[in-house]
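Given chain D, put chain Y in place with the hints provided.
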Amino acid sequence: MKRTFLSRRTLLRGMLGSSAVCVGLPLLEAMVNGSGTALAEGGPLPVRLITWFFGNGVILNRWIPGGRVAPVVGPNYPLPPLLTPLAGVREYVSPVTGFDNKCEMTITHHEGMTLFNGYTFKYTGGLSSKAGGPTIDQVAAHYLGALTSKPSLQLGISRKLSVMDGGTTMHNLSHKGPNEPLPPEYNPRKVYQDLFGSFVPPESPAKPSRLGVLSAVRGDIDALKNRLGAADKVRLEAHLEGVSELEKKINALAPLCEAPPETTETNTPVNGVEPLTAANEAMSDLVAYAFACDITRIVSILHTGGAAETVYTEVGQTFGHHYSSHDFYTSVAGGQYSESGSGLDKVHSGVRYLMGHFGYLLNRLKATPDAVAGSGNLLDNSAILVGSDCAEGHDHGIKDQAVLVAGGGGGRLVHPGIHVRQVGRNTSDIALTVLQAVLPTITSIGAGAPGSSTPVAELKAPA
Amino acid sequence: MKPPWRRTPPSRGVRPNSSGPRAVSTAGPKPPVALAAAVFAAASFAFAGCGDGETGAGPPFGTGGSGPVGEQGSGGSGPAGTGGTTGTGGTGGGSAGEGGTGGTGGGGPAGEGGTAGAAGEAGSAGTGGSPPPPPPPPPPLRPAPAGLRRLLSRQYVATVRALMGNVAAQAAAPPPDVQLHNFDAIAARELALPATAVAQYEASAEAIALAVVGDPATYTTVVGCDAATPKCLATFVSRFGRLAWRRPLADDEVARVVAAGRASAQAYGVPERGIAGALSALLQSPYFLYLIELGEPDPGDPSRRVLGPYELASRISFFLTNEPPDDAMLSAAAAGSLSDAAGVRAAAAALLDRPAARAALAEQYAELLRLRELEGLQKDPVLFPAFNAELRAAMREETLMVIDDIVWQRDADARELVDADFTYVNAPLAALYGLPPPAGGGFERVPLPEGQGRAGLLGQASFLSRFAHPAMTSPTRRGAFVQSALLCYDVPPPPPGVVTVLPDDGTPKTMKEKLEMHQQVELCASCHRKMDPIGFALENFDAIGQYRTLDQGLPIDPTAEMAGIGAFASAADLAALLRDDPRVAECMVRNFYRHGLGALDGYYQSGAIGDLAATFAASGYRLRSLLADLSASDAFRFVSAPTE
Chain D
1 MKRTFLSRRT LLRGMLGSSA VCVGLPLLEA MVNGSGTALA EGGPLPVRLI TWFFGNGVIL
61 NRWIPGGRVA PVVGPNYPLP PLLTPLAGVR EYVSPVTGFD NKCEMTITHH EGMTLFNGYT
121 FKYTGGLSSK AGGPTIDQVA AHYLGALTSK PSLQLGISRK LSVMDGGTTM HNLSHKGPNE
181 PLPPEYNPRK VYQDLFGSFV PPESPAKPSR LGVLSAVRGD IDALKNRLGA ADKVRLEAHL
241 EGVSELEKKI NALAPLCEAP PETTETNTPV NGVEPLTAAN EAMSDLVAYA FACDITRIVS
301 ILHTGGAAET VYTEVGQTFG HHYSSHDFYT SVAGGQYSES GSGLDKVHSG VRYLMGHFGY
361 LLNRLKATPD AVAGSGNLLD NSAILVGSDC AEGHDHGIKD QAVLVAGGGG GRLVHPGIHV
421 RQVGRNTSDI ALTVLQAVLP TITSIGAGAP GSSTPVAELK APA
Chain Y
1 MKPPWRRTPP SRGVRPNSSG PRAVSTAGPK PPVALAAAVF AAASFAFAGC GDGETGAGPP
61 FGTGGSGPVG EQGSGGSGPA GTGGTTGTGG TGGGSAGEGG TGGTGGGGPA GEGGTAGAAG
121 EAGSAGTGGS PPPPPPPPPP LRPAPAGLRR LLSRQYVATV RALMGNVAAQ AAAPPPDVQL
181 HNFDAIAARE LALPATAVAQ YEASAEAIAL AVVGDPATYT TVVGCDAATP KCLATFVSRF
241 GRLAWRRPLA DDEVARVVAA GRASAQAYGV PERGIAGALS ALLQSPYFLY LIELGEPDPG
301 DPSRRVLGPY ELASRISFFL TNEPPDDAML SAAAAGSLSD AAGVRAAAAA LLDRPAARAA
361 LAEQYAELLR LRELEGLQKD PVLFPAFNAE LRAAMREETL MVIDDIVWQR DADARELVDA
421 DFTYVNAPLA ALYGLPPPAG GGFERVPLPE GQGRAGLLGQ ASFLSRFAHP AMTSPTRRGA
481 FVQSALLCYD VPPPPPGVVT VLPDDGTPKT MKEKLEMHQQ VELCASCHRK MDPIGFALEN
541 FDAIGQYRTL DQGLPIDPTA EMAGIGAFAS AADLAALLRD DPRVAECMVR NFYRHGLGAL
601 DGYYQSGAIG DLAATFAASG YRLRSLLADL SASDAFRFVS APTE
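Protein chains in written order, with the working numbering: chain D, 1 to 463; chain Y, 1 to 644.
A couple of the hints might just be wrong.
[As the list claims (entries may be wrong)] If you want the footprint, here are the derived chain D segments under chain Y, 3+ residues with CB under 8 Å: (1) 82 to 92; (2) 104 to 111; (3) 149 to 160; (4) 208 to 214; (5) 317 to 331; (6) 387 to 396.
[Stated by the list, open to error] Some chain Y residues well away from chain D (every beta-carbon gap over 12 Å; in silico): (7) P131; (8) R242; (9) S264; (10) A335; (11) S337; (12) S339; (13) T500; (14) E516; (15) G607.
Source of the hints: derived by calculation from the structure; they are not laboratory data. Note that this is a predicted model, so its numbers are computed, not measured. No residue lacks a Cβ here, since even glycine has one placed at the ideal position from N, Cα and C.
Chain D on its own, in the form it takes in the complex:
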């Protein structure tokens, strides 16, 4: 199917009914947005943010360019074995190694998620916790969400989250706050319908009808709010935000870009086996379309959960990846690296499989011209933070946690990618750097030991 992407100005001129439809409210808001980040004539380019998570860590010696004993830093780094699936997009990928997650508590796996927000989680007993604060994608959505009809999008690929861990920290990659997790949607078809299939035609009676109903709901919430304690008031305000988002969506005109083919993939397990590759491809396609049509600029993808039982059946595995990740051991002593354990091969093929999935997303973005910006491709204008919940599974370590930064960041991230290795530095510095690519005015994230106000200069494009 031939796809045409129109420039913003074309869209504005072309808001006459074709099959394709039109951009409405988001653009108008953008043009009057005062944050300095909005698209306007001659204004800065829209930069998209993706956070991408995979569970259970890596084998560091096969992840760090050059290995643990003799790492090779800088540009033109040798692609390590676990990252060769990214060969086709390597110029957009920067492995960032040596950094430590500074989470102030560890209960295994949960602490790894601090990479994405810079907060220590809130412990709730047993193997359960809530996120300590907003994740960087939600910080971005707070400031930039109004620019698009959908402030942010949360996606998941494998539904097999940890079967023994509880709480919300690891079961969601996006959080607005400790009591506001944003659950991922695992069904690509539903995502399609949400993004492309539910715009209300301007003349539809559904529009005034639904808005009238929501107005009554708003009135009820306002009346109730004042009778509540502080904690519940916050909850109802979140409910009200949801109502506002819905009203905005009902008012929004469908994007003036060719609608993608209808997604049929539902990511339904067959006898327990998940169609992970098909789901990943469908979701990645939808992300590209959503960016190209400027429906949202902020996406989180919980590919596989921390401590997840996902089985990589497509590469011949029968064990849960979590188990395999605990079934090997590595060490460096006296300048010598050693590794052993029957989980090595499984983790190796599992992480390569995951990176293949991530590579599909990057290739998809790279292959899509950025019609909204009018120049470059979507990967040029994306800032992507990739991480896992630990460095290696066998000890749940969060020192030298596995992190990648990808995308050109709209010219704000170093390109081509480099290997940055800074031993002992705070992983939140990486997250802040990625966030600043989409939100240059932000100066810090998180709090306490894992908080950061010091971006990684090497990851930024030279001024």
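Frame of chain D; chain Y shown alone:
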């Protein structure tokens, strides 16, 4: 309240979340390094395992700081400040109670909605203190806070069905529930709705409204007036609104909903659309989506608030049936039927006679026992070709049918859940258990197979499958679940930096042998001895619950022993011991408290829980009796100040 593994200040000489070699703090007992080394010597690699963890930063074994924990059972408040309970302890405020069943949520007096505590097992971990003093009298009840509780997904659907019938219920599609502290209901009290959920509620309400006005029979039952007539809309909103919001609507509230209906009618130019719009507004209102439990000041006790009649009617009706109070119950409540405990108990008993109560209890057990997760469970297809969708569904049904048999068919001792000598099987399950297929096509009540040591839940395939790996058993998971769901004890997380790889010298080992390290290395053993032995006794059941005598070709030794429980060598042995363990019955009370109120029980609820447990015992452990008593208790009839 101090969480576990909180980084210890540098002055204590403990390194934060180190994965490398650890400084051993002088603040606590040294880990048994020599033992660790002996165990690891068999490994094909050298590593820093369990025995190398840091000391002085252990799990708090009770989260109440200096507050009393271990108030359950025989625990009382254990000898305080004995320097930590194990080699891993040391920061818990020294409050572990010997033999206690674990401090509960809320922790100490200062705790708020706290976390599961964790008193030590009797004699498990070097308490070495003097015998515990007699337990202090329980504190006065502090009821769960006033506030909003979102209807659970199943309550939403059941409500739509109760109010509007099956056609409407089929259109109902609320957002899925989330869990906190293992309960949907606790997340429903604490978490905010994400925008995606608000959108799902809207889509669901619109679909229900269209289903109602689009189906003549449903329309007649639910609306009952001609939408084109002048008063129909307002009359409907006022009458139906009272059922949906579980209280009469104020005039301005009616007006707001009517206005929404008028906007819809006008937009579409169809009078019925006015009904649909109003219905959609009613179903998206916070007054429908949340249980609103604010109460009024209790004239007799300024520390608490008393729920109003409508609030209380909703609370017990949803608790017992997942449905809202009906017209008659609302009227009776308004007339004062729920103004004292006896009245509430009578109302609860009446609710328990409804079929909806039976369904609600099944759904609650499906949640508690994690039966809902069977559907998505994956097993190695080569090892377990029988594990298909039909078998998974049968596993769920089996457990629920046993519960139904105990509670509804016989009103028998609820502890039979733990040690029942019968079960229900269909053909696939019978094959799994080595039983002849039942004569009829469906399920049949059968005695358990002989010689396998099965009994109750612990011998059922649902539990045995859910708490295992895809390709092998997990004694640890099975034990952790028994602790958490049957004994209400949350095992603390592993220490930081501990290496979780089990030694492997290349020779075949049984699962029990592989887990030896968990028992021998103190840092591991302090927690694993509360889990693994339970699972060792279940090793005769593989990862989908089939009986076996060999593991890796080696004979299985199911003998195990656990402090506070005893010695056992099968599911049946363990079940017999657990049945008579007072913690099991008390944990049933606590689990229904947590579900019914969406709140953890803790120190300030321990007296109320204890009283209910005593009444439960006196009733012969009749679950229906417990549910009625819990409904009528002060814990249900009152609320505290809202959470600020």
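Tested hints:
1. Check on the stretch 82 to 92 of chain D: 0 of its residues sit with their Cβ under 8 Å from a Cβ of chain Y, so the three-residue criterion for coverage is violated.
2. Residues of the stretch 104 to 111 of chain D with a Cβ under 8 Å from some Cβ of chain Y number 6, which satisfies the need for three, so the listed coverage holds.
3. A stretch counts as covered by a chain when three or more of its residues have a beta carbon under 8 Å from one of that chain; for the stretch 149 to 160 of chain D and chain Y the count is 4, and the coverage holds.
4. By the rule of at least three residues with a Cβ nearer than 8 Å to a Cβ of chain Y, the coverage given for the stretch 208 to 214 of chain D holds, with 7 such residues.
5. Restraint check on the stretch 317 to 331 of chain D versus chain Y: 9 residues with Cβ-Cβ distances below 8 Å, three needed, restraint holds.
6. For the stretch 387 to 396 of chain D, the assignment as covered by chain Y holds, since 5 residues bring a beta-carbon within under 8 Å of that chain's beta-carbons and 3 suffice.
7. Residue placement check: P131(Y) keeps its beta carbon more than 12 Å from all beta carbons of chain D (closest about 28 Å).
8. In this structure R242(Y) is separated from chain D by more than 12 Å, as the shortest Cβ-Cβ distance comes to about 15 Å.
9. For S264(Y), the shortest C-beta to C-beta distance to chain D comes to about 4 Å, within the 12 Å cut-off, and the non-interface label is violated.
10. With a least CB separation of 25 Å from chain D, A335(Y) remains clear of the 12 Å interface cut-off, as annotated.
11. The claim that S337(Y) lies off the interface holds: its Cβ sits roughly 25 Å from the closest Cβ of chain D, which is beyond the 12 Å cut-off.
12. The Cβ of S339(Y) lies farther than 12 Å from every Cβ of chain D, with a closest approach of about 23 Å, so its non-interface assignment holds.
13. The beta carbon of T500(Y) sits about 5 Å from the closest Cβ of chain D, which is not more than 12 Å, so the claim that it is off the interface is violated.
14. Against the 12 Å criterion, E516(Y) stays outside the reach of chain D, whose nearest CB is about 16 Å from its own CB.
15. Listed as a non-interface residue, G607(Y) keeps its Cβ farther than 12 Å from every Cβ of chain D; the least gap is roughly 21 Å.
Figure legend: structure checked against the earlier numbered hints; hints not met, in rising order: 1, 9 and 13.
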